[in-house]
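Enquirer: The primary structure of each chain is shown beneath.
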Amino acid sequence: MADSDRTSLLSVYRTAALIKAADEKLRGLLTSGELAVAYYSPRGQEVLAAATSAHLDAQDYLVTTYRGIHDQIAKGAPLDLLFAEIFGRVTGTCKGKGGPMHVTHPSTGVMVTTGIVGSGLPIAVGLATSSSIRGDGRVTVVCFGDGASNIGAFHEALNLAAVWKLPVVFVCQNNLYAESTRYADGTSAARIADRAVGYGIPGERVDGNDAAATLDVVGRAVARARAGEGPTLVEAVTYRFMGHYFGDPGAYMDADEYAAALARDPVPALRARLIADGVADEATLADIEAEATAKVEAAAAFAADSPLPGVAELTSDVYREAVYHEEVPA
Amino acid sequence: MADSDRTSLLSVYRTAALIKAADEKLRGLLTSGELAVAYYSPRGQEVLAAATSAHLDAQDYLVTTYRGIHDQIAKGAPLDLLFAEIFGRVTGTCKGKGGPMHVTHPSTGVMVTTGIVGSGLPIAVGLATSSSIRGDGRVTVVCFGDGASNIGAFHEALNLAAVWKLPVVFVCQNNLYAESTRYADGTSAARIADRAVGYGIPGERVDGNDAAATLDVVGRAVARARAGEGPTLVEAVTYRFMGHYFGDPGAYMDADEYAAALARDPVPALRARLIADGVADEATLADIEAEATAKVEAAAAFAADSPLPGVAELTSDVYREAVYHEEVPA
Amino acid sequence: MSAASARKITFQQAYNEALDEAMAADDSVFVLGEDVGDKEGGGTFKVTSGLSTKYGTSRVRTTPISEQAIIGTAVGAAVAGMRPVAEIMLMNFITLGLDQLVNHAAKLRYMSGGQTGVPLTVRTATGAGGGFGGQHSDMLEAWLAHVPGLKVVVPSSPADAKGLLLSSIFDDDPCVVIEHTQMYWSKGPAPEPGVRIPLGRAHIARPGRDISVIAYGRPVGEVLALADRLAGDGIEVEVVDLRTISPLDERTVLESVARTRRAVIVHEAVGQFGVGAEISARIGEELHGDLASPVVRVTSANTPVPFSPALESRYLYQIPDVESAIRKACQ
Amino acid sequence: MSAASARKITFQQAYNEALDEAMAADDSVFVLGEDVGDKEGGGTFKVTSGLSTKYGTSRVRTTPISEQAIIGTAVGAAVAGMRPVAEIMLMNFITLGLDQLVNHAAKLRYMSGGQTGVPLTVRTATGAGGGFGGQHSDMLEAWLAHVPGLKVVVPSSPADAKGLLLSSIFDDDPCVVIEHTQMYWSKGPAPEPGVRIPLGRAHIARPGRDISVIAYGRPVGEVLALADRLAGDGIEVEVVDLRTISPLDERTVLESVARTRRAVIVHEAVGQFGVGAEISARIGEELHGDLASPVVRVTSANTPVPFSPALESRYLYQIPDVESAIRKACQ
Ligand SMILES: Cc1ncc(C[n+]2csc(CCOP(=O)(O)OP(=O)(O)O)c2C)c(N)n1
Ligand SMILES: Cc1ncc(C[n+]2csc(CCOP(=O)(O)OP(=O)(O)O)c2C)c(N)n1
Ligand SMILES: [Mg+2]
Ligand SMILES: [Mg+2]
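Chains as they are written, first to last, in full-length UniProt numbering: chain A, 1 to 330; chain B, 1 to 330; chain C, 1 to 331; chain D, 1 to 331.
Treat the hints as calculated values from the structure; they're not laboratory data.
A few of these clues could be false.
Residues from chain D that keep clear of chain B, each with C-beta distances beyond 12 angstroms, as calculated [claimed, not checked]:
1. ARG229
2. GLY234
3. TYR315
Pair by pair, the computed Cβ-Cβ distance ranges are [stated by the list, open to error]:
4. ARG229(C) / PRO249(A): 36 to 44 angstroms
5. ARG251(D) / GLY234(C): 36 to 44 angstroms
6. ASP228(C) / TYR258(A): 49 to 57 angstroms
With a straight-line cut-off of 20 angstroms between C-alpha atoms, the simulated EDC-like cross-links for lysine to aspartate or glutamate are [what the hints assert, rightly or not]:
7. LYS39(C) / ASP185(A)
8. LYS165(A) / ASP194(A)
9. LYS328(C) / GLU236(C)
10. LYS39(D) / ASP248(B)
11. LYS46(C) / GLU229(A)
12. LYS165(A) / GLU229(A)
13. LYS39(C) / GLU179(A)
14. LYS39(C) / GLU257(A)
15. LYS46(C) / GLU257(A)
16. LYS328(D) / GLU286(C)
17. LYS328(C) / ASP290(D)
18. LYS39(C) / ASP194(A)
19. LYS39(D) / GLU257(B)
20. LYS165(A) / ASP185(B)
21. LYS165(B) / ASP185(A)
22. LYS39(D) / ASP20(D)
23. LYS46(D) / GLU257(B)
24. LYS328(C) / GLU286(D)
25. LYS25(A) / ASP265(A)
26. LYS187(C) / ASP210(C)
Backbone N, C-alpha and C fix where the C-beta goes; we use that ideal spot for every residue, glycine too.
This is chain A alone, in the form it adopts within the complex (with noise of 0.2 angstroms):
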């Protein structure tokens, strides 16, 4: 293994491990009532969302979906302030009026963050169009679900990034399930990877699961982008352990599927991986997550201090200047 391989491979690690962290902290504030809000958990999806970023700077743009925060700190966005928006405070990211569906933090690269499936795509290609204008060089990454490769808008952007030859990867995170229904229920190709034909683009299947692996596959699709070479479809097949929103029991997954993938949990794996390969120790990897929990704890704290926005922020911020028929109701 490379000395880079195996500083990329650790550094894919630590933010997983700060996502993994971020994660359980607000289930548990949702478990024991502290936080109240519409959450859609991404665990078994850390170690994907790590290694795609992995190949990202912070000029690069990144649009992402409600199931999101994995995907927002992989790209930097600031702890404090994604927590502080989750919990609705005037110090989040989106001064509280986005909430965590919507999250946005251009500083580092979360350009978008769309509650509606598949409409990240076109809007990503915009932003590559941009570049592709602009020749700033900049790569653009979309991440959504199997489920969102259903809809109009997933065939709409794919064909117009290819006849563009845009800069753009499309990230599919494949958990097989979308809401509550199976993959195969709704989803009529065999491989989501396999559509790419249709685009006249490569489309590459791979394990999500497998850090190495995504890194690399990602680290081509990127690169390719970064070239001038076009667009690439990728799929990381992985796992949804937690019901589609918290609070959701799961009925509907299959136990024996549930326990095969949980054998195959993606964190606990590559820390496995990073002590096997010596790449680091027991106490390097321990320290690693008690930065995490710290994180994790301030930005709760952050957060949880933080006030609500003021009543001028009802109207502020529909257009760029007030227009005098907004009228904040008495």
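Using the hints, position chains B, C and D with the ligands against chain A.
Expert: Then chains B, C and D with the ligands, alone, in the frame of chain A:
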């Protein structure tokens, strides 16, 4: 050649000749100014339409587009009523309220003609869904252009039809242009038929100027649908000899490409083949053509002599029963 | 209109019972939408719960995430004579299916010269107050009401929910029934089985001589409670529940306001170019000169729906504003 | 507002010149849409003619038939700081892109707490009278005006067309400019280069003391001609051209009607739940008691657009109805 094949080819020619005569008459009326409507000529796509509907009964369903008169005639819609509709007369298929872009004639299975590119595909899926629920044995065919294969509705419809294994055949009439945009400037797939891979269904590309080949490919697709084996995507490659709309000089079309296509003009090609193969002699074909001309002249006369819809038609048919807030403007 | 009974049901039950009764009564009724089958839990809001088990997955069809195809499929099946009931999980997603709904469902009867009606029903849910933010809470009924050929229904009680959904399913034209995410678990008296509530007719939910409050959906219950309180102060509020937004029952609205000579309109959608504008306009135009005070609209703020609960509660129409408007008008 | 000159231009030229000037002035402006390149003829209505030759195909991008992707691409590029101008060939096709326009373009500034504005412009064409039937002629501006965060513009003259499109392109919020298919070849005085007409401000196109006619788009010219005729009979009509539908310039409208005490509203869209409702409602609500006669709306019929010219001409708003309404109000 089997007798049935000979009969089929002759019958395809009979239909194609009628389509060609109708189209020529309409363009003549438009040129002379006797008629002034938006008209999308099917010139070049006559044989393809005839070969497609050769496999359908009146109770099978057809969905087509603004460029649809070839499909409607092939499916059996009465010529008099079609002309009257184009003339905006109350005797038309739709009392003149739909017009050429919205022809409906349920008793011959012409269920929907849409002016929105690609929107016929989900509607066809719905017609096929009703057949699937009722087990009525009908097959739905939906015709659309190459440009339509780039719109979201195409993707959603093919995926859904595949997941539900519906009795529907998607016939893409690839005439190489979408308005004035050339195939490759809008369509990323090398062959539209390749997109079938993404839905796990058969995708067949055929020379739509070749009557026998088209009869064969569509025949197999219809048989699959009829047998409950699910949808097929057929890409029939053809050429659009007229501009996009009547009056479009088609300046963007390549002259060499055009000349090459004209050398393969499907109607004379089929005619020559019928004679060469001894299926029909010159006299028989001349009779068929004369019969077509006579029908077309009669239809044009019927339309021209028909009355316009009365003003009461403006507000009827908005709902099944009139509602009192609907009022004829004074 | 609907016979009240001792039994109480939630809105979720009301919609579920209407679907169940309709499917039992007529083979041409079928249901499609995301996660609607029992294998998938019977729908996000459980409205279709039990139906696929009872009627089979041929008539209760779980779809991919494909809103255009969901509505388009309903259009095609309806053209073939079926009575599809399509679920669009949340109303903001209807933006993806409006071509099918507006360019096709609403127009195919007309454009075919009356040959092909489109007897489909779209059920969709929305509303603010659940902390779902800007993309999951919009009330867009004004758009649909602007489209001749569509019928638009917003129920305010479980009994109405059931009776209006039944009427929509058996109506021969395309109907959109707008359900409220924050009301699914509220209860009210159950109607007798099979009771349909006619479309296109408003309902005087409470008679009163002093002022007409015209509302629909969620605010109706709150306005009725306010009316009870105001009655204590001697102000008799007439509450008109539109039930159907389009076709609008202008006659009932105008007769009420002609009697009371005062009107307040309340709805959850943003005010600008909303349903209240049409109602206010008709009152102004038809009863000009008879009004004792100006018509007042109380609506949600002219902003996207904010996420933070601190803002979302201020975004929504304020019942105290309705009260002040009534008191001012009745001074 | 805009300096008149001897030069006359068509609407098609006006839009084309606005795009040309904007692209020359600012590298971040680019154009995308179906057939917009010169290779494809410069757009169905030739509005983008010459631009790809002058600015290259990187900045004038012909797209596939993909309305969601066209608007979505504009959203993404605008979030990145570009000023995309997307052409949606006909307004009925905007139904396919409303998710991007309404759930995203209109809301991203708000939902991001002001971080990411969306300075895109959507140009789209529509209108009845061309014999295009039910799916190519709808005026849907009321929908867009119901969405906080969008700006909606409908020009009535070539000079306005140019000035309003320029303002839209350089506005920092998403704007939709609605062009009329039947007006592209009409002429009017050309403005001086670079003249922008402010958004959100209505224009008194003709002052008059007896009655205010509020209109926008195509009817404005017809109403001005009518006003000339009526002046001969001693009726002085004030014509208010809204120019921008949203944000609505309520002040100008109300000040005009406060002066004239009479109002007629004219638009091409169907009446029910249309733009006229909001205007009528505001007049009724704000000027209650000051009006000398009821507000009247003259609109197209509440039906889909029929194909047959015999019906289409009756579908459209009737200028004789405007005349009767004025005469009746001024009696
Ligand atoms: C257009 C649209 N339709 C439906 C929904 C409701 N919805 C939210 S998440 C979801 C499932 C998405 O599945 P997938 O794309 O696999 O992503 P995952 O949640 O598994 O990450 C659905 C149907 C939505 N948000 N947007
Ligand atoms: C959704 C939509 N977008 C744009 C148009 C305008 N339009 C009409 S026909 C056409 C080209 C269609 O090309 P294709 O699908 O290849 O069919 P063809 O006309 O070649 O038969 C376009 C863009 C439309 N009618 N609908
Ligand atoms: Mg999934
Ligand atoms: Mg074509």
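Enquirer: For every hint, state whether the structure bears it out.
Expert: So, going through the hints one by one against the coordinates:
Non-interface status of ARG229(D) relative to chain B is upheld: no Cβ of that chain comes within 12 angstroms, the nearest being about 20 angstroms off. Distance to chain B confirms GLY234(D) as a non-interface residue, since its nearest Cβ pair spans about 25 angstroms, more than 12 angstroms. With 12 angstroms as the threshold on Cβ separation, the claim that TYR315(D) sits away from chain B is violated: the shortest Cβ distance comes to roughly 6 angstroms. The supplied range of 36 to 44 angstroms is met by ARG229(C) and PRO249(A), whose beta-carbon atoms lie about 41 angstroms from each other.
A C-beta distance of roughly 38 angstroms is found between ARG251(D) and GLY234(C), which places it inside the suggested range of 36 to 44 angstroms. Roughly 52 angstroms separates the CB atoms of ASP228(C) and TYR258(A), a value that falls within the hinted 49 to 57 angstroms. With a C-alpha separation of about 10 angstroms, the suggested pair LYS39(C) and ASP185(A) falls inside the 20 angstroms cut-off, and the hint holds. Taken as a hint, the LYS165(A) and ASP194(A) pair is honoured in the structure, with Cα atoms around 19 angstroms apart against an allowance of 20 angstroms.
Restraint check: the Cα-Cα separation between LYS328(C) and GLU236(C) comes to about 14 angstroms, which is no more than 20 angstroms; the hinted pair holds. Under the criterion of a C-alpha separation no larger than 20 angstroms, the hint pairing LYS39(D) with ASP248(B) is consistent with the structure, at around 14 angstroms. About 47 angstroms separates the Cα atoms of LYS46(C) and GLU229(A), which puts this hinted pair outside 20 angstroms; it is violated. Straight-line distance between C-alpha atoms of LYS165(A) and GLU229(A) comes to about 6 angstroms, which keeps the hinted pair within the 20 angstroms bound.
Between the alpha carbons of LYS39(C) and GLU179(A) the distance comes to roughly 12 angstroms, so the proposed pair stays at or under 20 angstroms and holds. Our distance criterion of 20 angstroms between C-alpha atoms is met by LYS39(C) and GLU257(A), whose separation comes to about 16 angstroms. At roughly 25 angstroms between alpha-carbon atoms, LYS46(C) and GLU257(A) are farther apart than 20 angstroms, so this suggested pair is violated. Proposed proximity of LYS328(D) and GLU286(C) is supported: the alpha carbons are some 15 angstroms apart, at most 20 angstroms.
For a cut-off of 20 angstroms, the pair hint linking LYS328(C) to ASP290(D) stands: about 19 angstroms separates their Cα positions. For the proposed pair LYS39(C) and ASP194(A), the alpha carbon gap of about 27 angstroms is over 20 angstroms, so the pair is violated. Only pairs whose Cα atoms come within 20 angstroms are accepted, and LYS39(D) paired with GLU257(B) is accepted, the gap being roughly 16 angstroms. Pair hint LYS165(A) plus ASP185(B) holds up; C-alpha atoms about 12 angstroms apart against a cutoff of 20 angstroms.
For the suggested pair LYS165(B) and ASP185(A), the alpha carbons sit about 12 angstroms apart, so the restraint of at most 20 angstroms is met. For the hint linking LYS39(D) to ASP20(D), the alpha-carbon distance of about 17 angstroms falls within 20 angstroms, and the restraint holds. Between LYS46(D) and GLU257(B), the direct Cα distance comes to roughly 25 angstroms. Violation of the 20 angstroms bound is thereby established for this hinted pair. Among the hinted pairs, LYS328(C) with GLU286(D) is consistent with the structure: their alpha-carbon atoms are about 15 angstroms apart, no more than 20 angstroms.
With a C-alpha separation of about 18 angstroms, the suggested pair LYS25(A) and ASP265(A) falls inside the 20 angstroms cut-off, and the hint holds. A distance of roughly 29 angstroms separates the Cα atoms of LYS187(C) and ASP210(C); the hinted pair therefore is violated under the 20 angstroms criterion.
In this structure, the earlier hints numbered 3, 11, 15, 18, 23 and 26 are contradicted, and the remaining ones agree with it.
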